[in-house]
Amino acid sequence: SFAVNKAFQFSSITSVTLLDCWTIVWAIFLTYFFIGTRYSLWQLGGAALCVLGLGLVLLSDAGVGGGGGSKPILGDALVIAGTLFFAMSNVGEEFCVKKKDRIEVVSMIGLFGMLVSGVELYPLCLVAYALLKHSYIVFDYCFAKLHSLLWFCFQILGFAGYTFSSFMFYTITPFVLKLSGATMFNLSLLTSDMWAVVVRILFYRQQVDWLYFVAFGVVVIGLVTYSTTEKVPATVVEDGSQSVEYQELNAESRDEC
54 SFAVNKAFQF
64 SSITSVTLLD
74 CWTIVWAIFL
84 TYFFIGTRYS
94 LWQLGGAALC
104 VLGLGLVLLS
114 DAGVGGGGGS
124 KPILGDALVI
134 AGTLFFAMSN
144 VGEEFCVKKK
154 DRIEVVSMIG
164 LFGMLVSGVE
174 LYPLCLVAYA
184 LLKHSYIVFD
194 YCFAKLHSLL
204 WFCFQILGFA
214 GYTFSSFMFY
224 TITPFVLKLS
234 GATMFNLSLL
244 TSDMWAVVVR
254 ILFYRQQVDW
264 LYFVAFGVVV
274 IGLVTYSTTE
284 KVPATVVEDG
294 SQSVEYQELN
304 AESRDEC
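In the working numbering, the protein residues as written are 54 to 310.
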């Protein structure tokens, strides 16, 4: 997430959003080689439809986004690296929820997430402390801003909504990964760009291009195609044994045995 967010500083929004689809490619690759998931041509076609739907969104936004960014190559490299780590996280979580209990997985995510967040927060606290220690003006300014933000009800509601959404996301994710897998999960995340359109219409009263609605329909068709043509997975089940196909022996074969 840090790498992708940092990429917005160096590259355009269109490039970051388009390259973010590499998560699907990494997820298909990793689940194929490390979990044993097999994909049909119909499933690959459904995944391609989902990416095509996102491409329509980018096409409608082509004249809205900013320029190419200050360092587009660095930004694109950060996005690709971020998608690789995100896909590794999803595939690893899928493996864990299929091997262990979901409650244990969610608990470990919260525990290690708290530790990682603490490590990331420590350098920022040092920088903030250094600034506040050597500048009373900065301290007064930051305190005034912080005071105004803390008591601004809309800001508080926004943070509360973001916290609740993140909590629900990380709670429901293990169930989705257990039932559908990492690839279906990442394909479904493409619809988040479509739901952003609903927010723009209802809350910001902005006009959107008609291609948004076509793109949403294409993504839905791609998801339905992928989910309805899914093969029986030859992956590791919860007890750790490989799934094996059995067939009933006829009477002659039983007599020979």
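Worth flagging that the hints you see were computed from the coordinates, not collected in a lab.
We treat Cβ as the ideally placed atom computed from N, Cα and C, and that holds for glycine.
Be aware that a few hints might be false.
[To be verified] Have a look at the derived ranges for each label pair, beta carbon to beta carbon:
| id | residue 1 | residue 2 | range |
| --- | --- | --- | --- |
| 1 | Gly171 | Arg91 | 19 to 29 Å |
| 2 | Phe266 | Ile225 | 18 to 28 Å |
| 3 | Ile254 | Ile209 | 32 to 42 Å |
| 4 | Lys152 | Ile225 | 27 to 37 Å |
| 5 | Arg91 | Leu255 | 23 to 33 Å |
| 6 | Val180 | Val277 | 21 to 31 Å |
| 7 | Cys178 | Leu255 | 21 to 31 Å |
| 8 | Leu97 | Gly211 | 20 to 30 Å |
[Said to hold, decoys possible] DSS-like mimics (lysine-lysine), calculated; alpha carbons at most 27 Å apart, straight line:
| id | residue 1 | residue 2 |
| --- | --- | --- |
| 9 | Lys151 | Lys59 |
| 10 | Lys59 | Lys153 |
| 11 | Lys124 | Lys59 |
| 12 | Lys152 | Lys231 |
Next item on the list: Could you see if the CB distance from glycine 171 to arginine 91 stays within 19 to 29 Å?
Entry: Given a distance of about 40 Å, which is not inside 19 to 29 Å, the answer is violated.
Next item on the list: May I ask you to test the hint 20 to 30 Å on the CB atoms belonging to leucine 97 and glycine 211?
Entry: At 39 Å between Cβs, range violated.
Next item on the list: For the range 32 to 42 Å, tell me whether the beta carbons of isoleucine 254 and isoleucine 209 fit it or not.
Entry: Since isoleucine 254 and isoleucine 209 have Cβ atoms about 25 Å apart, the given range 32 to 42 Å is violated.
Note to self: So if I understand the rule, the pair passes when the alpha-carbon distance is 27 Å or less; does lysine 151 with lysine 59 pass?
What the structure shows: violated (33 Å)
Notebook entry, point to check: Is 18 to 28 Å right for how far apart the beta carbons of phenylalanine 266 and isoleucine 225 are?
Noted result: Holds: the Cβ-Cβ distance is about 26 Å, inside 18 to 28 Å.
Checklist line | Consistency of beta-carbon spacing, leucine 255 to cysteine 178, with hint 21 to 31 Å | finding: 38 Å Cβ-Cβ, so the 21 to 31 Å window is violated.
Checklist line | Supplied distance hint 21 to 31 Å, evaluated on CB atoms of valine 180 and valine 277 | finding: Distance hint for valine 180, valine 277 is violated at roughly 49 Å.
Note to self: The hint says 27 to 37 Å between lysine 152 and isoleucine 225; measuring C-beta to C-beta, is that right?
What the structure shows: Violated - the Cβ-Cβ distance for lysine 152 and isoleucine 225, about 19 Å, lies outside 27 to 37 Å.
Note to self: Run the distance test for lysine 152 versus lysine 231: straight-line Cα separation, threshold 27 Å.
What the structure shows: The given pair, whose Cα atoms are some 10 Å apart, holds under the 27 Å limit.
Notebook entry, point to check: Straight-line Cα separation of lysine 59 and lysine 153 no greater than 27 Å?
Noted result: violated (34 Å)
Next item on the list: May I ask you to test the hint 23 to 33 Å on the CB atoms belonging to arginine 91 and leucine 255?
Entry: Between arginine 91 and leucine 255, where Cβ atoms are some 41 Å apart, the hint is violated.
Next item on the list: For the pair we were handed, lysine 124 and lysine 59, check the Cα-Cα distance against 27 Å.
Entry: holds (12 Å)
The earlier numbered hints that this structure contradicts are 1, 3, 4, 5, 6, 7, 8, 9 and 10.
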